[in-house]
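Taken in sequence, the protein lines are chains P and A. 1 is the number of the first residue of the first sequence in this note's numbering; add one for each residue after it. 1 is the number of the first residue of the second sequence in this note's numbering; add one for each residue after it.
Just so you know, these hints were derived from the structure itself, not from any lab.
Here are some, though not all, of the chain P residues that point toward chain A, as calculated from beta-carbon distances under 8 Å:
hint, residue
1, 6
2, 29
3, 59
4, 201
Since the model is a prediction, treat every value here as computed from it, not as a measurement. All C-beta atoms, glycine included, are put in the ideal place defined by N, C-alpha and C.
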Amino acid sequence: MSDERLFTLRNVWFRASVGATLLALAGAALIGFVWLPSAQTDPQFQGIWNAICSAAGVPRQWYQVGTPVTPGYKVSTVELTPHMLDDATTLSIGRGATLSLRCTMCHGPRGMSEANSPNLAGQFASVVYKELQDFQSGARKNAVMSPMAQNLSDQDMRDLAAYYASLPPAARIRGDAPAIVAEGAPLRNIPACATCHGGVDHKVGSPWLDGLPAAYTKAQLAAFADGTRHNDISEQMRNIARNMTPEEIDAAAAWYAGSAHQ
Amino acid sequence: MLNNKRLVLAHFWLAFVLFGVALLLGAWQMLVRSPLHPWLHDPELYYRSVTEHGTVMGYAFPTLIAMGFGYAVTELALKRPLVGVRWAWLGFVLLAAGAVTASVPVALGRASVLYTFYPPMIGNVFYYLGVVLVVVGSWVWVALMGVNLAAWKRENRGKPVPLAMFATTAGAYLWGWTAVGAAIEVLFQILPVALGWRSTIDAGLARVFFSWTLHAIVYFWLMPAYIAYYTIIPRAIGGRLYSDAMARISFILFLVVAMPIGLHHLFTDPQVGSGFKFVQSVFTALVAVPTLLTVFTICASVEIAGRLRGGKGVFGWIAKLPWQNPQMLAVALSFVMLGFGGAGGLINMSYQLDQPIHNTQWVTGHFHLIYGGAIVIMYFAIAYDLWPQLTGRALANWRLMRWQLWLWFVGMIVTTFPWHLVGLMGMPRRMAYFDYSDPALHAQASLVAISAVGGLILVISAILFFVVLWQGHRSPAQAPEEYRFSTPVHESPVLPAALNGFALWLALMVALTITNYGYPIAQLLATPDTAVPAIPIGAPR
Numbered sequence: 001m002s003d004e005r006l007f008t009l010r011n012v013w014f015r016a017s018v019g020a021t022l023l024a025l026a027g028a029a030l031i032g033f034v035w036l037p038s039a040q041t042d043p044q045f046q047g048i049w050n051a052i053c054s055a056a057g058v059p060r061q062w063y064q065v066g067t068p069v070t071p072g073y074k075v076s077t078v079e080l081t082p083h084m085l086d087d088a089t090t091l092s093i094g095r096g097a098t099l100s101l102r103c104t105m106c107h108g109p110r111g112m113s114e115a116n117s118p119n120l121a122g123q124f125a126s127v128v129y130k131e132l133q134d135f136q137s138g139a140r141k142n143a144v145m146s147p148m149a150q151n152l153s154d155q156d157m158r159d160l161a162a163y164y165a166s167l168p169p170a171a172r173i174r175g176d177a178p179a180i181v182a183e184g185a186p187l188r189n190i191p192a193c194a195t196c197h198g199g200v201d202h203k204v205g206s207p208w209l210d211g212l213p214a215a216y217t218k219a220q221l222a223a224f225a226d227g228t229r230h231n232d233i234s235e236q237m238r239n240i241a242r243n244m245t246p247e248e249i250d251a252a253a254a255w256y257a258g259s260a261h262q
Numbered sequence: 001m002l003n004n005k006r007l008v009l010a011h012f013w014l015a016f017v018l019f020g021v022a023l024l025l026g027a028w029q030m031l032v033r034s035p036l037h038p039w040l041h042d043p044e045l046y047y048r049s050v051t052e053h054g055t056v057m058g059y060a061f062p063t064l065i066a067m068g069f070g071y072a073v074t075e076l077a078l079k080r081p082l083v084g085v086r087w088a089w090l091g092f093v094l095l096a097a098g099a100v101t102a103s104v105p106v107a108l109g110r111a112s113v114l115y116t117f118y119p120p121m122i123g124n125v126f127y128y129l130g131v132v133l134v135v136v137g138s139w140v141w142v143a144l145m146g147v148n149l150a151a152w153k154r155e156n157r158g159k160p161v162p163l164a165m166f167a168t169t170a171g172a173y174l175w176g177w178t179a180v181g182a183a184i185e186v187l188f189q190i191l192p193v194a195l196g197w198r199s200t201i202d203a204g205l206a207r208v209f210f211s212w213t214l215h216a217i218v219y220f221w222l223m224p225a226y227i228a229y230y231t232i233i234p235r236a237i238g239g240r241l242y243s244d245a246m247a248r249i250s251f252i253l254f255l256v257v258a259m260p261i262g263l264h265h266l267f268t269d270p271q272v273g274s275g276f277k278f279v280q281s282v283f284t285a286l287v288a289v290p291t292l293l294t295v296f297t298i299c300a301s302v303e304i305a306g307r308l309r310g311g312k313g314v315f316g317w318i319a320k321l322p323w324q325n326p327q328m329l330a331v332a333l334s335f336v337m338l339g340f341g342g343a344g345g346l347i348n349m350s351y352q353l354d355q356p357i358h359n360t361q362w363v364t365g366h367f368h369l370i371y372g373g374a375i376v377i378m379y380f381a382i383a384y385d386l387w388p389q390l391t392g393r394a395l396a397n398w399r400l401m402r403w404q405l406w407l408w409f410v411g412m413i414v415t416t417f418p419w420h421l422v423g424l425m426g427m428p429r430r431m432a433y434f435d436y437s438d439p440a441l442h443a444q445a446s447l448v449a450i451s452a453v454g455g456l457i458l459v460i461s462a463i464l465f466f467v468v469l470w471q472g473h474r475s476p477a478q479a480p481e482e483y484r485f486s487t488p489v490h491e492s493p494v495l496p497a498a499l500n501g502f503a504l505w506l507a508l509m510v511a512l513t514i515t516n517y518g519y520p521i522a523q524l525l526a527t528p529d530t531a532v533p534a535i536p537i538g539a540p541r
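Bound conformation, chain A alone (with noise of 0.2 Å):
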């Protein structure tokens, strides 16, 4: 029973309506960057609009949707009223405050440093500020998440923690310890620099700080969406869960090992010895593992579903799931998107592998991939499966909703299959403008074209996105019928204490980040004459 509706309602509409803002900024990028538009002229407007596009994609959307999912899922798993609800208000205050505070200046130009900060480059002091309300609104929540999981586990001592409260409080202390690497860079480095106290700053050392929190925030990105693979969508398409024990071994496994691997984003930065990027390369091949877990243990779980409804045969079951179902629609799309993109990423984490595509537009549209498609495709699944508890009225248009998940899924794959090629043609990322009447570039033109064409359906998808949710909240009151989570195949009264809680997962999550950063970072902060002028971004001129 769903006590806080209108809290979490609250988060998804402000996650999708500003969703929907960067997404046809996004669309705009991409099209004014090929050759179907003429150059715009002014560089600083494409910057501005990629800043605003990844700051709210990157930072707000996300954070809203775990939050508003999270709380969801306090009061849904563990059948107890969320305690603590004026404090979640209050993160939820502080982040539209901060998503406010950040975009104003990238609007107005004065901060267009791309959501990655990029130091030596700093902009207007209220951007940063705005992020920093951000990340300490989500805080709030991730306190919350252990208060609500303590709460309960005092109520109900030995008994094992339902895995949806599980998985989410995993994902909220994985958030809450690899934001800490973006805050000591933005409070201690970044923002003395914006508030005009220092005129230096260490680039390098920032980078490997923001490294601490760039990788791992994927992760926290990815969680609901691995949440709804295993609480949500067995249960939606008439299912069980294959195994629970091998869902919780996953979240830890991401806990632990999704942290310490972010310096594979810096194999050609200078600052760093190449022992701890080959390290840190290691870890981040381990964290396939549990992907590949899941994908495992989903795939078995589909099955059952597939042969519960008659199937036959080594893929006869295929034939007989419920296509119809959005869910099942959104979770086979998702994979598809989320192999691609997975085997890209094995490339981009490999030490030498790395090397051809590093900085090109491969990357872009393997997060694009990654983020963009598989995840962001489930945080739709989400909110059609949670709007019908939220509003009391039902989803009932499954063919607009079909329509909807295939659309996100063409629109990703035309646009980032292309960004795949031309990265791997040597086109470079985060670049304003491209002259393609150069025989140098031409090759590349088309390709960049098609990707633009991807951004315009997934325009249309969003769009019938909203129009799915708008019809939900005008269709007839209906009483729904009580939320439940998928159940698993072998339900266990018990669960080693290494399963239900968190503290030796925490404590070696520690661990990494301390052998993984501390050499690095001990080293940066000792060496002397590191620091360069700051250049500010977006000041009168």
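Chain P extracted, bound-state conformation (with noise of 0.2 Å):
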């Protein structure tokens, strides 16, 4: 027996066992790859080496678009990456710092608003950087800050989000969170402010809420809801604030303003 021959066409075992793989697998793929997408209609599946491609999974472009549909308004053009503002520099900030001084008037010496503008001590570099470019771009638009930002070079931001981030934050919200900003209202596509603002989780370009004046924030969350701002990254936020109901709205603002603590 340990003279038999296995890799040979003469043994039955290798003939047997060979030949079925292979007719599998020819069965298999004469209809996975030219019966099944023979049944499509669609021009990229017509011929048999167009559903062979089609099948295989070459990437092709699907529809024959001629020039994109744009909207009637400015979209945000910024990309951010999980990373791309870590390690600043000690000059980056203090150039940051020297640049803060025109901004002091609204959001505070050190960060901290006394006038329902946002707190902007501690916030993520990323998002300070994000609207610093949307307001210079028109993808955001206030009478303020859009003059402001008109002359700021990309540095200029880069250093006013690392001298910002720099700043010790606000105190955190912890606890007695409203159902809005625990669990969201899933079945109305609200997912729980948390996840992103903090509390359970951040997400890159989502602000960190904690202490934000419950004015500004309801603001907010009304122009996203009537479409007024809308620099968020494909209608995330305007679609959240639109089903959000006025109550759902006052809680999340008070309690990331922490007066539900006070």
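From the two separate chains plus the hints, produce the assembled complex.
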């Protein structure tokens, strides 16, 4: 038996197993790459070679697009990645501190607002950077901020972002979160606020909201809901804000402002 | 004769201790997600627990069982001392160290990426290093199975390899090859990002590599159970194995077609062509063949036992079976769960039928029923069968064993049947929170609550399992009978070379990997701009 040669066509086990495998493979391939795709009427599947390429997953253009539809307003063009503004230098932070002197009237001398403007102390650098870019490009509009951002260079924005990120943030808000913050409303497509804005997790580009004045939060949610603010990528916040009830907006704004704890 | 009892016992005990911890986590997850418990307000805790549960139950627990059982089979079936005992201990140490290394970052919330990794999420580097250690430790075992078989063959030229060893080696080779996919993913895609050398990752390609491992790993988990069906059960219930050749063909078929089928996990992924999905769907269907062969052969073997005990008529032999014997009970309960789970699996693997249940709780129900049910109950049976050999003390409390097996069966049915139903109702898997007060989800609430009760029953069963093993260690010492595996009805002194070795089958396995995975992988590697920024999980925030 030890003399029995296995890898030869004379061996019945070899013939049967290799033959059956090839048969199964060829049959499955014929159905999967030729027959099933041919049942489709799209032009990408017409003809045997097209059918095979489509079924194999060769990248191809699906629709012959003419000119893409452009929105009637400016959209944000900022691309953020998780670590793009990490490792700020002290030089950058120092430049940012100098530049920030023109921001203190509204955002406070150390980034803590007393004028219902957003707190910037401890804010993620990517958030400050993105909003400044959007104010400059017109993707986000504000009577005060749009002119302020007009003459900032890219490096200025990075420096300001680095400076504000280096400041001690407002006290963290924890506990007793209202349902909209902790759970969202999944069936209305509203994720929990805390999954992006702090409390549970943070997502790139989403601001840290702890300590944010309630009037500001409410105003922004209203602006997202009616579309006057539209620098959120893929309408994320607009879709959320449109589905929130006024009570939910009040609850979220009050909780992040910390008033629930006072 | 077992020479390395401590080696085998160490594997089994570490496996069962880890299993106990992960089982508690699983039961807790079911409770906190159910309407019986208020919302945690922190999904991260839930995903942390899911990651640990999956990592232990998917990687550490079954691997340790397969290794421990494999070493036992090597000595008991080949009737010669294990070659490479030091290497075996090294493998064990690697596994234990890997389990700890991976678990620490998970416990700290630094790697809540679930055991299937899900790039572009990237957790702490030590999590992945721990998993690598587990896999490397298991590869030591794969090599040792091959080495021991070769050593035996040199001394026994031309003789048939004992079935238990043949099957164990088939399982080892299957694991050795199937682990390569995830190993490539972790070593070349995930680790460079986790170490901070790169910031982007091709998530689609990573998913394809993982699917290479993802389905055949299930058959690796299943191998010890199937080996027990063929080589322990017929002997334990006083019967004969119906067909030795059928058993070998089943294990060979698993080796060849269990691996190049993982794309059925990616039916809704856009980065793989539909043609390859269909081909792999067909090969997935072929895996039903060795399972059906096994069900037939084992039922026939059990019938032999019933008739030897005086059973008559078409069904009369069933009543005559030794139902008081835990092994008989285990195989019967295992087959019931295998039947239901297998039927659900046929739906999962069908390209079209999969659509309504893809990524729903149905899938979780399916693999818990097959793996947690049909397979793990046989792990218990293997432990019950081997414990007297390992400890030199009898396991006499059959009544408690039967209670344990029944509770496991009932618990798993109560857990998984509602999961299948809520899956059909559209409940997604991998969710930490459901608002059952919402009218759209309200109908699912009672089913989810029932499944959480199932989890509690499973915990009670596991406690009984530990009590049985502990009683075994405490009972008076007595020399065990010489261990033997089941004998077939017809023992053939010679076997065709194809049924006595693996060369042909390994060649077919690798060839099918190339035909079924070659193009999708090559295409994704060649397509530019497919990488996305990695999402760090559990980074300080």
